[in-house]
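Chains S and A, in that order, give the protein sequences.
Position 232 of the first sequence, counted from 1, bears residue number 232 in this note's numbering, the numbering being contiguous throughout.
Position 116 of the second sequence, counted from 1, bears residue number 116 in this note's numbering, the numbering being contiguous throughout.
I should point out that these hints are in silico values taken from the structure, not numbers from a laboratory.
Backbone N, C-alpha and C fix where the C-beta goes; we use that ideal spot for every residue, glycine too.
Mixed in with the good hints there might be a few duds.
What the hints assert, rightly or not - Some chain A residues flagged as far from chain S (calculated, every beta-carbon gap over 12 Å):
| # | residue |
| --- | --- |
| 1 | G15 |
| 2 | A21 |
| 3 | P36 |
| 4 | F39 |
| 5 | G60 |
| 6 | T62 |
| 7 | V102 |
| 8 | A122 |
| 9 | R153 |
| 10 | S223 |
| 11 | V245 |
To be verified - Below, in silico cross-link-like pairs of lysine to any residue (SDA-like), each with a Cα-Cα straight-line distance of 20 Å or less:
| # | chain 1 | residue 1 | chain 2 | residue 2 |
| --- | --- | --- | --- | --- |
| 12 | S | K214 | S | R202 |
| 13 | S | K89 | A | E156 |
| 14 | S | K233 | S | V170 |
| 15 | S | K67 | S | R184 |
| 16 | S | K102 | A | L171 |
| 17 | S | K89 | A | P180 |
| 18 | S | K89 | A | S185 |
| 19 | S | K89 | A | P184 |
| 20 | S | K102 | A | I160 |
| 21 | S | K89 | A | R172 |
| 22 | S | K89 | A | E176 |
| 23 | S | K102 | A | R164 |
| 24 | S | K89 | A | P157 |
| 25 | S | K89 | A | V155 |
| 26 | S | K89 | A | A252 |
| 27 | S | K102 | A | N170 |
| 28 | S | K89 | A | P169 |
| 29 | S | K89 | A | N170 |
| 30 | S | K233 | S | E194 |
| 31 | S | K89 | A | M173 |
| 32 | S | K102 | A | L159 |
| 33 | S | K102 | A | E176 |
| 34 | S | K89 | A | F154 |
| 35 | S | K102 | A | P169 |
| 36 | S | K89 | A | R258 |
| 37 | S | K102 | A | I174 |
| 38 | S | K89 | A | R164 |
| 39 | S | K102 | A | M173 |
| 40 | S | K89 | A | A250 |
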Amino acid sequence: MGSISFRNVDKTFGAGAIKALEGINLEIADKEFVAIVGPSGCGKTTCLRMVAGFEAASSGDVLVNGKAVTAPGPDRAVVFQQFALFPWKTVRENIDLGLRNKNLPAAAREEAIAGALRLMSLESHADAFPHQLSGGMQQRVAIARAYVLDPVVLLMDEPFGALDAQTRVVMQEELVRLARRNPRTVLFITHAVEEAVYLADRVAIMTRRPGRIKEVLDIRTVRQSENWDSHPKIEDVMDLESFVHLRTHIWKSLREEKGFRDV
Amino acid sequence: MTDRPLTLREAVLLGAGGLAAFIGLWSLLSTTGIVPRQFLPTPLDVASRFFQLFTTPFAGATLPMHVASSFQRYAYGVVLAAVIGIPLGLLMGWFRLLDDIVTPIFDGLRFIAPIAWVPFAALWFGTGAGGPVMIIFAGAFPPCLINAYRGARFVEPRLIEAGRMLGTPNLRMILEVLLPAAAPSIIAGLRVSAGLGWQSLVGAELIVAAAGVGFMMVQAQGSVQTTTVMAGMIAIGIIGMLIDVLLRRAEAWLRRRRGLEA
Ligand SMILES: Nc1ncnc2c1ncn2[C@@H]1O[C@H](COP(=O)(O)OP(=O)(O)O)[C@@H](O)[C@H]1O
Ligand SMILES: [Mg+2]
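Make the full structure from the sequences, and use the hints.
Given below as structure tokens:
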């Protein structure tokens with residue numbers, strides 16, 4: 001089980017100086033993949049950090065499985081935009097740390113690591129250090145490190161934002177495969193509209209600061225009726241009329257928010 | 001002048017040139033008698049005394065024996081400073097409360113020059129081995145602590161967040177996240193420590209009666225043997241440089257391993 005709830009959440013930084021979020025309400029069901037899009041600085045990262053336990057709400061409640069979040073923990077794995085791998089640990093050791101923290105026996109850890117490496121096609125890089133890998137590979141390690149924890153929810157903050165266009169596409173396709181094969185609750189932050197529509201079950205659109213949720217779009221019905229997942233390539237999905245329609249809708253909604261820049 | 005780095009050849013030439021000019025000026029001052037010889041011996045006298053001291057004992061030991069006995073006390077002092085200073089600095093970087101307790105005391109104490117501890121070192125340890133070790137420790141401790149502390153304090157916040165997200169307990173966080181993240185800063189601190197500790201040596205050996213380069217120099221001063229004093233200075237300089245070169249190498253090796261520029 002891994003539901004996430006935002007109930008009337010406000011967030012103010014620095015003694016009332018910056019009101020980042022205002023009246024956020026969002027319910028994410030177990031095994032649902034929700035993407036948040038919005039202008040930069042609207043508070044997307046702040047939402048995610050509150051679920052992760054790095055930041056507390058100024059008022060309102062942030063709940064995971066109905067329980068208030070109080071501190072970070074391995075039940076809520078985070079994939080950071082800048083990877084945040086430990087540079088002094090090899091790929092294997094980076095993935096292993098969370099498992100060691102769970103006090104799992106060595107054999108179980110070995111097996112879990114092997115599985116995670118296979119999942120992300122990292123087998124031949126197990127003993128490399130992060131700086132020896134490309135950005136795309138590093139982000140695979142970060143995803144493997146998160147997945148191996150078998151977290152209740154997966155929190156991803158613009159995980160592909162730092163990647164070049166080609167690598168980004170590969171990672172998006174991979175994530176879709178992963179999410180469909182092994183569904184779990186995902187909160188995915190992005191400011192790339194197409195990425196959100198391609199990946200998510202639902203897309204929440206935020207207003208500019210102070211961030212509020214303006215609209216939530218359900219993608220699932222269209223995805224299923226138009227059979228998006230039968231196309232292995234992202235560009236084929238992006239060509240479909242149903243995709244273009246949704247994308248344009250979100251796009252327009254965001255355009256109304258001054259200060260929105262798309263990549 | 002451009003900012004391009006020197007080639008090895010240029011660096012050697014320039015360094016040798018500087019050294020030659022220095023020795024030239026020194027020769028000029030001492031051989032012409034501008035400065036009386038008993039105050040400033042010639043480079044040649046000093047060099048021959050330096051090598052003579054390898055075989056002829058002075059103040060009960062040859063120069064290498066003095067160096068060895070200095071080095072032993074030095075090693076005790078610096079290792080003790082590292083063994084206490086680094087863990088304490090890391091702990092202060094992780095536990096706010098400890099930081100708040102230790103920092104005010106430490107900030108006051110660290111401005112006291114190592115040599116100022118000599119009376120207490122003599123009082124507490126007499127002529128025992130502890131006295132000089134304590135002085136060297138006083139010189140070497142602050143950079144160990146400060147650099148470990150700063151290194152731990154300024155670890156990239158997202159690495160700490162990654163560690164916390166993975167459920168890493170405190171001790172493991174300190175050993176596997178703070179310590180390696182702070183390692184470059186710690187090694188830089190060790191370099192400063194090693195330098196300050198070595199500099200404190202002569203002061204430390206003012207209160208030992210048996211052996212050591214500083215002890216040798218003090219004895220030589222007593223009998224106005226300026227060549228012997230300078231031979232001791234050269235030994236201190238050379239060993240100080242060697243220590244620094246070794247630690248620089250360790251630092252460069254660490255940076256390369258991390259994929260940072262050397
Ligand atoms: N720790 C902080 N202190 C002060 N202001 C912050 C802090 N974190 C975020 N903010 C502010 O809150 C707003 C939302 O930030 P963020 O959640 O990072 O936006 P987004 O991820 O949508 O770009 C921004 O205006 C940002 O400057
Ligand atoms: Mg952000």
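Mind checking the alpha carbons of K89 (chain S) and A252 (chain A) for me, to see if they're no more than 20 Å apart?
-> At roughly 18 Å apart (the allowed maximum being 20 Å), A252 (chain A) and K89 (chain S) satisfy the hint.
Hinted pair K89 (chain S) and E156 (chain A), Cα distance within 20 Å = holds (15 Å)
Within a Cα-Cα threshold of 20 Å, do K89 (chain S) and V155 (chain A) meet the stated pairing?
-> holds (15 Å)
Are the Cα positions of K102 (chain S) and M173 (chain A) separated by 20 Å at most?
-> holds (14 Å)
Holds or violated: K89 (chain S) to P157 (chain A), with C-alpha atoms at most 20 Å apart | Holds, at roughly 17 Å.
Test the statement that V245 (chain A) is away from the interface with chain S: the closest C-beta pair must be farther apart than 12 Å.
-> holds (25 Å)
Given the proposed pairing of K102 (chain S) with I174 (chain A), does the C-alpha separation stay at or below 20 Å?
-> The hint holds at about 17 Å.
Agreement of K214 (chain S) and R202 (chain S) with the hint, judged by alpha carbon distance not exceeding 20 Å | holds (13 Å)
Non-interface claim for S223 (chain A), where every Cβ of chain S lies beyond 12 Å = holds (54 Å)
Against chain S, does G15 (chain A) hold up as non-interface, every C-beta pair farther apart than 12 Å?
-> holds (33 Å)
Could you grab the alpha-carbon distance between K102 (chain S) and L171 (chain A) and see if it respects the 20 Å cut-off?
-> It holds: about 15 Å lies between the C-alpha atoms, which stays within 20 Å.
Take a quick look at whether K102 (chain S) and P169 (chain A) sit within 20 Å of each other, Cα to Cα.
-> holds (10 Å)
Hint violations for this structure: none, all hints satisfied.
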